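4 protein chains.
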Amino acid sequence: MLTTSFASLVGRYRVIFFDAYGVLKNARGILNGVPELLSWILQQGKDVYVITNDASRSPAQMAAAYAHPQHGILIPESKIISSGLLAKDFLRAKLRSGRVAYLGKPASAFYIESAGVTPIHIGACQVGEEVDAIALLDDEGFDWFRDLNITLNMIRRVSAPVIVANPDLVYPVNDREVGLAVGSLAAMLERIVGKAFIRFGKPDTMMFSHAFACAHENVPHLRRSDVLMVGDTLETDIIGANTFGLDTALVLSGNTRAEQAALLIQAKGILPTFLCESVFT
Amino acid sequence: MLTTSFASLVGRYRVIFFDAYGVLKNARGILNGVPELLSWILQQGKDVYVITNDASRSPAQMAAAYAHPQHGILIPESKIISSGLLAKDFLRAKLRSGRVAYLGKPASAFYIESAGVTPIHIGACQVGEEVDAIALLDDEGFDWFRDLNITLNMIRRVSAPVIVANPDLVYPVNDREVGLAVGSLAAMLERIVGKAFIRFGKPDTMMFSHAFACAHENVPHLRRSDVLMVGDTLETDIIGANTFGLDTALVLSGNTRAEQAALLIQAKGILPTFLCESVFT
Amino acid sequence: MLTTSFASLVGRYRVIFFDAYGVLKNARGILNGVPELLSWILQQGKDVYVITNDASRSPAQMAAAYAHPQHGILIPESKIISSGLLAKDFLRAKLRSGRVAYLGKPASAFYIESAGVTPIHIGACQVGEEVDAIALLDDEGFDWFRDLNITLNMIRRVSAPVIVANPDLVYPVNDREVGLAVGSLAAMLERIVGKAFIRFGKPDTMMFSHAFACAHENVPHLRRSDVLMVGDTLETDIIGANTFGLDTALVLSGNTRAEQAALLIQAKGILPTFLCESVFT
Amino acid sequence: MLTTSFASLVGRYRVIFFDAYGVLKNARGILNGVPELLSWILQQGKDVYVITNDASRSPAQMAAAYAHPQHGILIPESKIISSGLLAKDFLRAKLRSGRVAYLGKPASAFYIESAGVTPIHIGACQVGEEVDAIALLDDEGFDWFRDLNITLNMIRRVSAPVIVANPDLVYPVNDREVGLAVGSLAAMLERIVGKAFIRFGKPDTMMFSHAFACAHENVPHLRRSDVLMVGDTLETDIIGANTFGLDTALVLSGNTRAEQAALLIQAKGILPTFLCESVFT
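Protein chains in written order, with our numbering: chain A, 95 to 375; chain B, 95 to 375; chain C, 95 to 375; chain D, 95 to 375.
Please note: incorrect hints may appear among the correct ones.
All copies of an identical chain are treated as equivalent in the list; a pair is satisfied when it fits inside any one copy or across any two copies.
No more than 30 Å apart at the CA atoms, straight line, and that leaves these computed lysine-lysine pairs for DSS-like [to be verified]: (1) K119 x K289; (2) K362 x K289; (3) K199 x K362; (4) K173 x K199; (5) K119 x K199; (6) K140 x K173.
No lab work stands behind these hints: they were computed from the structure.
No experiment lies behind these values; they were computed from the predicted model shown.
Kindly produce the complete structure, drawing on both the sequences and the hints.
Laid out in structure tokens, this is it:
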């Protein structure tokens, strides 16, 4: 499979959806050159969205990270579609009030608070605690041994829904290492208790339909074939966007290493429309 | 959990989404009284949609089945959202032309033809056949031993996408028996080859977002809380619609037996908003 | 990983365990040269056993297939340890009498009859049939569509144990094709009903402990390090024998293709002690 | 299903195999009355073995716990068959020398040291550390966040075998709570890396064949029907011993609660020969 220059693809689409980790940022922050790249894309009259399985901080905090030193905010928070946002919509629609126990850093609680319900960190819960939902938001911000055991026992006892706002199993830490993401912890607990957790995030198509609906409001005659999804992960970004009917570009700057790409695409049967070394090529 | 009269719920919503099998029909056809029920709901100014994991026949054929002896077609084909329809959209968007090998009855081929691509029954394929996609549409219309073995070997050899237009594992045949649905056959093949198939149908939320977008065109200010999803299966209808943020009514006339309902809801942790004996109560 | 000559390994061990399919035979029968090879090994004073996930025919029928044109039977049936044999032992120990419904060719029924219980082909059963166990023995000898649906409904209704006498997912048909083995059908049914089936065959170590106990009777001071297991499949032959503590040789004449071997060993983390092109090298 | 008095079963068997947790002990130690019960069984000329998925301490430490205040050691360490023991045999047979990184308390390292190889706690490893095997032994004795992330990255990089010396998902902490066992952590890591770990412990039959071989040395004509396995867990004790052909007694003093027992037996299709409230009835 030949690689394509990403820059050469931009002109063919009206709207670009970007994954964040492994595409525009890594564990150390936004990649050098990203604000300039985004400015260049926006100058060509394209709309840009970020579609990210992340519930560790608010969209406003995410938006600030992409700001350009001169031009300021490039991607407004309304164009950052995070899995946390879908979780928030769910809590607002289905709970309306009540208390939600959560696993994650304090910044994760934004998604619970802004749904109008009360967040309680699982580290502050007892096993018999009465809650209206349990939310698994992030892999940091709690004591794994103590708090995963409390979470397991709470889930066994209550019949409240359990929501997972990031189904990713791992995330790239650096070129050589990955970290266990909250999706792995959730899958472990779900298997033990035999209950069905409610997941928000790619590859479920809801992230794409939500972003497409936003984009469609700005661009009335937008068709799916006018949108390109750019991601680094076959099992989330690419299969999800393929299923939703978007064209897809796999970049080799994150979870998928250049030397494995052809093999993984063949082995898994997940076919991106394009293959690009990175967004800078 | 107390059961509610379905009739008493209708007034609270603007739009009703119905699952088909186990709710409005069974293996012998549309249930007695369904045309009259639908007429009554429509007379109250409600919009009605059918949301069904079914790719075994065209929406027009499905619509005809719900016709009223006097009033004719009650649910136009545009309001029947089948998993086959999403598969068709995918094939049109992602293939545009080519040949698609399929498992299913000849009527299933409608979804391939109407995407502008050429259907070929897998029974007419050789293992080395060159195709652009493989579509698993229905559990009938082929020789399981011969054609599942051909399908397995085709999938191993080609890197074309494999799509599954009905992820259900079983369907109710009568009060005592179930049948193996194509989703079970697909899961068996997927596990063997280790590839990721592309699934269309509940519980993925795309069926609900598609139907909601249609409903929203007719009812401009429609909110998700204005829609009730009525289904007989916790793992598809209820969890999918819950995830999308709709209210849900579980009816006990299909896959979920009355005597097990409370136990299953507790064991699986999938909570419908309401529990109704059937749509006739 | 370097390949070793199989002939050069024979002298290092006291007992050789062979897998059958992909090692000594294929879908067309015993490989050319196998009787001569076995004669040569036996002449060196080695004991030879066949350890095979196969319940499609009796050990006597299997033994006849390895006969040498001049020397007659080389591997007596007492040295052919099949998964069917373990299933027979189970039925004898746990049922003692009664009726067992089975999926498979008529020759499979040997293992049920010789356990002293009555075999009934599933094609002759009604859904409500009262049986004492259900045995999934072979992928041939029945109508998949009709009989898998009957089997599913029988398993849902009865609380009798379900035994699977061959957990293999596929078997090699020829150099290019595989066939769906009964283990795939069993896994599909097991997932649907949520019950735990009882499996006999590699990679469970019972096949190896049974064979080792037989070998130990003949060779009193036999240690596990005196035995070499020769197989073509990482997930059954190699991991099972590794777990039991035997040395293992992976041959590239069956399920594992030469060009993939190094990659699969690395990807799956299943490490054979030796790699041989075939038993003829 | 009627419950039977355990005392009335003892006379029918020559050898009794006991699971430990939930049968003879709980998180606070050996149950009151167990030494007296064991004395009484031994006085009747029965042989007693403990078959336990436990690699957290040595058999000598386990044996000491069952000692009688007057009669001293009742079950010698040679009759305590732990999953750690099988792991030790594997390491000795397959590695012979080298370094094994392990997760668990320091006492777990006994099984590695006594195999003649060098234990290194994973907390003392770097991601790039060269080791000959990785052993997951216990859920305590390490920092979950830090050390599970290191373990994941080590497993991704090395092709050394990964062994799991306790496949249990949870263990009972008290009447109301369970704890995450190392088997859950192992299953989470295995799923992420896609490699096959080597598991020791029930339900694999190797624990039973090992114990039966020991028992057979003492009692030359012992048959499987002379042995009763007593356990509290359907998915490990009961299905494993059933598969090996032993009679089984499920006690309701541990993982299986009395009020759920009939339902779980039916739902899972795992049938114990007997049901007993506890070993004291």
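Hints versus structure:
1. K119 x K289: between (34 Å within a copy, 28 Å between copies)
2. K362 x K289: Both. Shortest intra-copy (27 Å) and inter-copy (4 Å) distances satisfy the 30 Å Cα cut-off.
3. K199 x K362: between (34 Å within a copy, 28 Å between copies)
4. K173 x K199: Answer is within: at 23 Å inside a copy they meet the 30 Å cutoff, but 44 Å across does not.
5. K119 x K199: within (20 Å within a copy, 38 Å between copies)
6. K140 x K173: Only inside one copy: K140 and K173 sit 13 Å apart there, 34 Å across copies, limit 30 Å.
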